[in-house]
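A.B. asks: Reconstruct the complex from the two isolated chains, following the hints.
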Amino acid sequence: MTMPTLDFPPFRLPDDAEALRTEVRAFLAEELPKVKTTDKFRSWNTRSPEFSKALGARGWIGLTWPKERGGGGRSFLHRYVITEELLANGAPAGSHWVADRQSGPNILRFGNEELKSALIPRILKGECFFSIGMSEPDSGSDLASVRTRADKVDGGWRVNGTKIWTSGAHRSHYAIVLLRTSGQREDRQRGLSQLVVDLKSPGLTIRPIINLYGKHDWNEVVFSDCFVPDSMMLGEEGDGWLQVTSELAHERSGPERFLTNFHVLTELARLVGRQPGARAAETVGKLVTRLWTLRQMSLSVAGLLENGKSPVVEAAVTKDLGTLFQQELPEIARIVAESDAADEDDLAQFLDLAQMATLQAPAYSIQGGTTQVLRGIIARGLGLR
Amino acid sequence: MDTDIRQMFVDTAARLFSEQVTRDVVNGLEKGTWPADLWKQVEEAGLAWAAVPESAGGAGGSIGDLMAVLREAGRNAVPLPLAETGLGAMMVAQSGLTPPVGPLALVIGDAGSSVRISGGRVTGSAKRVPFASIAGHIVVVAGGEIAVVAASNARIATGQSHAGEPYDDVTFENAVAVAAGKSSVSADRALQLAALARANQMAGAAERVLAIVTQYSKERVQFGRSISTFQAVQHMLADMATHIAATSAAARTAAYDAEDGDGSFSIMAAKTQAGEAANRICAIAHQSMGAMGYTYEHTLHHYTRRLWVWRRDYGSETVWATRLGQALARGGADSIWASMTASRLVA
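Protein chains in written order, with my numbering: chain L, 1 to 385; chain P, 1 to 347.
Next comes chain P alone, as it looks inside the complex (with noise of 0.2 Å):
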């Protein structure tokens, strides 16, 4: 990891976020208007393409570079496809092929989808997919192909996560890649770089809520004090900064993992603990700010409402804890703390 690179992507993320993701920016895309101004400005600051190498037109960092501009991301609520588009665009690169410029979503053939791609052409269908009626082109990564599908090549029914971000089901009918390949990861690989994207981000937002939270119950006076000067309250909110300290311990150690190595056991973890952390984070928050952190009008809810359908997205806190619990089982019971040690499944 190179620091300075680091810095410099955590610098212009967090700068142009907090200057440009205003809380009308965040509720416009829930009301159906695509900030395609601030997508613009992300591209041209190299957020976009992250990871993606400067001989393909990326910013050329890292996998971790890319996971810190993620974490920046859920900090400010960013509504926009930034993991799609940054692992989209860094697993085409990768594979030889270029990367259409714009936004992009992520359709990915695991165990519970359907798609498959032959000759060229895709065919199946895939639910929830973030972003996909907004996105230009559709990556898809299934039986170690890759292919790049224009989004107006495939059938998209519109709908809206909990969050009040696009989340729609795609189907391809035979439709025609403008560009596909053998992939550079396996579908399995992609849907756990897509979890540590959503771990990170995770980490952001859960991270804002403790700065939302701790600044109100600072501000807000009753029977002539701060809320924050009852050892009730304190107490509630040092049990929320604990899990959101794990959670975001989690996320960053497997960006980090992911980043020389397959960090495949501490992605699985990571994604598992953002996912049993977020309820918890998310009932304790609202709690301790009473009705108004459960308006509309303020921004708590950019937040919470995120965490909470985030959990669900490229495996649930039940799927990766299952499918860890199970590769742990097949090694035997006196190769966990071996694993544990090794951030990696040891037989």
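Extracted from the complex, chain L is given alone in its bound form (with noise of 0.2 Å):
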């Protein structure tokens, strides 16, 4: 019988990344109290721009990029600790985030030297905030249909069209947008470029989009005849489809699809004590063992990633589990602090906190891959389609 493989060999993050951890540790034990931000309860995509520019003169922003290029010429598994220890511990990342885990690479990755030494340096010292353009009014999951369009005009691309959900828009200070630059909707991957937008741009309107819980984050980003300059444009016209789906595994299977709410797990130990009764000891035990797994997973895919191999089924599976456990994560947490906690007030202050994971838990499985998209790549992984 042939069996289905889907392989997760154990892997344990080398000692000098180990040895960074303690760095990072140090770090943020320092540098947490004196962020002030607005957001009632701080997680990893509260922006803010002073964190960025601290962390970015650690030199912690571009850690694998090379170092002719200013980066820190370290392996993804550096990275991987940085990443994870900024999410276990709220900080707040997002102003640097999407500049550094994909539109810097991007840029490194396939743009010109223009580009390269104007935006580089700049994204290094965190003080260059990056959105993703890809998501259009009817272009979801299905993302070769996009039909925003950039038409050659002299010296450059005149853009029409519109893209949503564009996170951070209006605190960013560019987007990579993809968008159609030759040939017509029905040609899918073919005809599909990257431009990396000015945000400021004469002919560009950035109009809030409020989330449910009445946050600022998403915009829908309008061109109406938006001048950009060809060397804005990312590697050769024609390209942008594998330059989109070139890097999905790094972003599927990293800890940010697991450890965005961890504090909620954190409050609920913290609020059935030291000594807690059978029921509450279970149910942290075995949230702890859910997110162990999930890190053993990711790390895996990581260890497969630095060997240079190609674990897209596997990424999913772990964006898949890690997703669905951060949705069920405040639920839990709800049910078993009712019967649980000591203290009237603290209870009432920790039923606030998961309340307000739960609002925010029904993104997790949209943004990055539906578990819709997710489920169809692993059954085509185990050979059903």
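If you are wondering where the hints come from, they were derived from the structure by calculation, not from laboratory data. Predicted model, so just to flag it, every value in this text is computed and none were measured. Among the hints, a few may not be true.
What the hints assert, rightly or not - A few chain L residues facing chain P, derived, Cβ under 7 Å:
#, residue
1, Ala88
2, Asp239
3, Trp241
4, Thr266
5, Gly277
6, Ala278
7, Lys286
8, Arg375
9, Leu382
Just so it is clear, CB atoms sit at the ideal spot from N, CA and C, and this is done for glycine as well.
C.D. replies: Set out below in structure tokens:
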């Protein structure tokens, strides 16, 4: 019998990555108390330009980028340690997150010299932030159906169309925008390109979209005859699809897929105390088990990527389990808290936090590939389609 | 870990089990036929004493090698006390005693058991001891001591687990041990190792369930197409696969951690993970195979029944999650992250 394999070989971070963890923890212990934000419950997607600047000064943005470009020249395993420490400690890393995770690497890999020398040093300093311009009103999971067009004009491109759900466009400096530079919508993946767009360009309008709990994170970005110079093209015209699909494994299986609301777990543990009842202890034990397992799976994928493998299906499995965990966590915690809290005021405060985490939860299984898209990828990996 | 040796163990086990462990052999044990010939071959291949040093007559492998063999055993529903013999012989040898040849059962004096060792004699009882009625000897670990008792020196009330394997109640009445001494491991540690073994058997069984179910869904045709082409079926199987992958990843990591250290955090988590996932895996597997998978004729039950039963062996997910949760709570809320990243309890 041929066995379909989902292979997660055990993987342990190297000693020098663990040594970096000690440095990061010391840095966060000193920096985090200084940061002021308006978010009631701070998390990694809270934006704080001051914090990003401090992190950049420490050399921890662009950690994997080449030294000759000013990057850290270290491995993705080192970056993994920084990322998970930021997440687990609720550091407000939202400002530079996208630039560090994908925009910078995309510019380094595909951008021309002019683009690199203009933007990379600023990203590294934690002074230049990016948004992602992929989704459109009629293109969500089916990204290849984008309608935004760029028509060739003298010295550049004239862009028309609308991008939507653009996180942080009102706080970022640039967006990397996927658009059609040739052919028609029916041509699908062919004829797509990516342009780096200055979000202050004339002809570009940013309109807020308020989410269900009243926060302004998303935007609609409307282009009407917005001019973008030739130098802002990433790679060759027509390479856009290859660019957007090439780094999904890193994006999908990273610790942001299961550690986003880790604070719910630690606050639950604080609430039930050092000598919890059997039910609360069991619940904490099971939640920690699920997180530990997810982290081992995510590390395993990181190890495979580091060794040049392409664990697409394993990354999809990790994101699917991770996002569902993040959605169940506040609910499981809420239920056990109600029966096991010792103090009424502490309980009320915890339930407030858990409720906010519940309001944030629906987004997890939508962004970065819906559960349904991921299950399609997993089914294909199992040979079912 | 020596990868060549590991591969040799895995290849030997996979070949022997896939050739010899037929449906009739597995069903035979349930009907009361001990597969003596299979046991002999497993012993001769060095799989029963995988982690016993060569100086004591074993194959000289590591605890990780034994766990790799047990994943293969789980993958093939091997109806033998391979976990009990492998761990029992290893612990006896590590304690400086000579392990007895033949199948072994394990009795561990933990909070739930009354077994005590004193002056080379064993007293007390234990319920649902896997394979006690076919074992030649029973290895007892309690209160810092280890003892090997001939099964004929214990009173054994035979029973059967819902997976069709021997599940016997054992009573020792001042039973004389053939060998006894200070144990190389505490009873707590012995229970952890047994839980690690079951978690790895469960991982193997779960991986086999995935293979059976995906193959069936591709072959089974309804409405003129194989049922694997229906999105509803695809998503159900993808969901099941994520839980199987998690169970397998956790068990393998725990085996890896136990090999070059204590690994107790990982072991508690791995057995909890396996126990939590088992019912979901089995439910989806049976749903996707319809009536066919619910028959005795089909071999799916060799794996699903074992997954359901093994949840409780050597500490259920409730037991281990509670212990883990209590230990973490003692360290305080702010030590949870440090413990998770170190895979050990950090106060």
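A.B. asks: Now tell me if each hint is right for this structure.
C.D. replies: Hints, verified against the model:
1. Ala88: This interface hint holds because 5 Å falls under the 7 Å limit.
2. Asp239: Where the cut-off is 7 Å and the nearest Cβ of chain P is about 31 Å from aspartate 239/L, the hint is violated.
3. Trp241: 24 Å, violated
4. Thr266: Holds, because the Cβ-Cβ distance from threonine 266/L to chain P comes to roughly 5 Å (cut-off 7 Å).
5. Gly277: 10 Å, violated
6. Ala278: 6 Å, holds
7. Lys286: Given a least distance of 5 Å, the restraint on lysine 286/L holds.
8. Arg375: 4 Å, holds
9. Leu382: 5 Å, holds
When each numbered hint is compared with the structure, violations occur for hints 2, 3, 5.
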